[in-house]
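Visitor: Sequence:
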Amino acid sequence: MAKTVRRVCILTGGGDAPGLNPVIRAFVKQGEALGLEIFGAEDGFAGLVENRIRRLTSTEVRGILPRGGSILGCSNRADPFQWVVGTPDGPRTEDRSAQVVERLRELAIDVLALVGGDGTMALGLRFAELGVPVVGVPKTIDNDLDTTDFTFGLDTAVGNATWAIDNLHTTAEAHDRVMILELMGRHAGWISLCAGIAGGADVILVPEIPYDIERVAAKIRARSEAGTPFSIVVVGEGAFPQGGEISTVERKLGRAPRLGGAGERLHALLADRVDHDIRVTVLGHLQRGGTPSAFDRLLGTRFGVRAAQLCAEGRTGRLVVLRGTTLRSVPLAEACANPKLVPADGELATAARAVGIELGA
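The numbering of the sequence shown is this note's numbering, which starts it at 161 and goes up by one.
Hints are supplied without guarantee of correctness; some may be wrong.
[What the hints assert, rightly or not] Label pairs and their computed distance ranges (CB to CB):
| # | residue 1 | residue 2 | range |
| --- | --- | --- | --- |
| 1 | E210 | A386 | 55 to 65 Å |
| 2 | V515 | R212 | 43 to 53 Å |
| 3 | T219 | P491 | 32 to 42 Å |
| 4 | T247 | V515 | 48 to 58 Å |
| 5 | T510 | R227 | 36 to 46 Å |
| 6 | A521 | N498 | 37 to 47 Å |
| 7 | T247 | G449 | 49 to 59 Å |
| 8 | T330 | E385 | 16 to 26 Å |
| 9 | R227 | P251 | 28 to 38 Å |
| 10 | R286 | N327 | 39 to 49 Å |
| 11 | R166 | G477 | 13 to 23 Å |
| 12 | R433 | E289 | 49 to 59 Å |
FYI, nobody ran anything at the bench for these hints, they're computed from the structure. None of these values were measured; they are calculated from a predicted model. Ideal Cβ positions, reconstructed from N, Cα and C, are used throughout, including at glycine.
Using the sequences plus the hints, can you model the full thing?
Guide: Below, the structure is given as structure tokens:
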């Protein structure tokens, strides 16, 4: 007979995303209704390594539905399998996974619920191999998980980016400038392409389509010659020119490289090719902060409810996903199998080209 699940620990790994608090709230409320005891690990896996775990009840999650961030905190630097420690000879990594497994055993945690992206789910798979029952909820503003049609956080990020494009339009037109807006998304261009189309950008450059700088310059010159001497250029942080590489600003032990500089590089490439004043805006973390949109609150709530149900049913090793308009669950391993990238000739890219947007290739 399968063991009855009673105690569950939830954590929010990786970067923050609008909709995390709705997930936590729904998970706790549905979990309580199903007779579960809910605990939360603070700052992702760091809470499990450092024993920062607290009880969560409906009282603790009251009023958090419209709040951005996560009441549990997040961390994209806390990998128990490569835990960074300081030594007299500099930082090095240690494997603290056995410590995490032992802590879960001491707390009598029956299921570990992970809310995160591909990195968090990859860690979840490794813990599953160590015998930890895991349930996953997909989270990333980048929308780059192939198993789900949408991840919560994307809608808010696109809305924030579209707001920025709208604002840049007026100042670009006033000064006849080329405004470059650098957006997040790492190796996926969903935020840039969606916000660029919604905001009426003239050029959109995404990581999946290495760009020809001559085409970008020609688009800007053509607009000017046609009587529109300003342009809005959206560039994803992972975008790069043909023959070039992705720009990074930081590489540290135990962390994924931090991307950045795509906007400034584009500025440098355009400076001698167009006769315009050029400005670069890096929207940065404004994209992932603030109040989650209604869509992200709704999707986060649905994900949280279904994840709690999977825990109560003992259906572990599963990831909650959205397929069309229906929630399903798939094997956790599928979350890490393939990234979901923008198809260079897909419907969104085709629509962008159809309304005159230059994609650089």
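Visitor: None of the hints should be skipped; say for each whether it holds.
Guide: Verification of the supplied hints:
no. : hint                     : verdict
1   : E210 to A386: 55 to 65 Å : holds, 60 Å
2   : V515 to R212: 43 to 53 Å : holds, 50 Å
3   : T219 to P491: 32 to 42 Å : holds, 35 Å
4   : T247 to V515: 48 to 58 Å : holds, 56 Å
5   : T510 to R227: 36 to 46 Å : holds, 38 Å
6   : A521 to N498: 37 to 47 Å : violated, 22 Å
7   : T247 to G449: 49 to 59 Å : violated, 35 Å
8   : T330 to E385: 16 to 26 Å : holds, 22 Å
9   : R227 to P251: 28 to 38 Å : holds, 34 Å
10  : R286 to N327: 39 to 49 Å : holds, 43 Å
11  : R166 to G477: 13 to 23 Å : holds, 19 Å
12  : R433 to E289: 49 to 59 Å : holds, 52 Å
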